[in-house]
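Engineer: Sequence:
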Amino acid sequence: MNADKVLDAKGLACPMPIVKTRKEMKALESGQVLEIQATDKGAAADLTAWAKSGGHELLEQQVDGDVLKFWIQKG
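Just so we're aligned, residue 37 is where the sequence shown starts under the working numbering, counting upward by one.
Quick caveat, the hints were computed from the structure, so don't treat them as lab data.
Misleading hints may appear alongside valid ones.
[Unchecked claim] Dumping the calculated DSS-like pairs for lysine-lysine here, alpha-carbon to alpha-carbon at most 25 Å:
| no. | residue 1 | residue 2 |
| --- | --- | --- |
| 1 | 105 | 59 |
| 2 | 110 | 62 |
| 3 | 46 | 59 |
| 4 | 77 | 56 |
| 5 | 46 | 62 |
| 6 | 88 | 46 |
| 7 | 77 | 59 |
| 8 | 62 | 88 |
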């Protein structure tokens, strides 16, 4: 999946992936897509809930070895 920007949050523990995602999303235009790469297993539930509460759309989620990848479109 194509992303307008990639956020490397690997090695960061909760809540840092969400904090960094929020900061990056503010810099994007509506409709743009942010790819987040994280290793914190809690990021799956956290990013799903955060995207929904913020009016964004979680387009896709994949697991690539130890890395969780998420694509969120800014609402």
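Engineer: Do the alpha carbons of residue 77 and residue 59 lie within 25 Å of each other, as the hint requires?
Structural biologist: holds (20 Å)
Engineer: Within a Cα-Cα threshold of 25 Å, do residue 62 and residue 88 meet the stated pairing?
Structural biologist: holds (15 Å)
Engineer: For residue 105 and residue 59, compute the direct alpha-carbon distance and say whether it is at most 25 Å.
Structural biologist: With a Cα-Cα distance of about 18 Å, the restraint between residue 105 and residue 59 holds, given a limit of 25 Å.
Engineer: Hey, residue 46 versus residue 59, does the alpha-carbon distance stay inside 25 Å?
Structural biologist: Satisfied, since the Cα-Cα distance of roughly 16 Å is no more than 25 Å.
Engineer: Are residue 88 and residue 46 close enough, with their CA atoms no more than 25 Å apart?
Structural biologist: holds (22 Å)
Engineer: Taking only the CA atoms, is the gap from residue 46 to residue 62 under or equal to 25 Å?
Structural biologist: holds (20 Å)
Engineer: Sort out whether residue 56 lies within 25 Å of residue 77, counting only the CA atoms.
Structural biologist: Within the cut-off at roughly 16 Å; holds.
Engineer: Holds or violated: residue 110 with residue 62, Cα cutoff 25 Å?
Structural biologist: holds (9 Å)
Going through the hint list in order, the structure satisfies each hint without exception.
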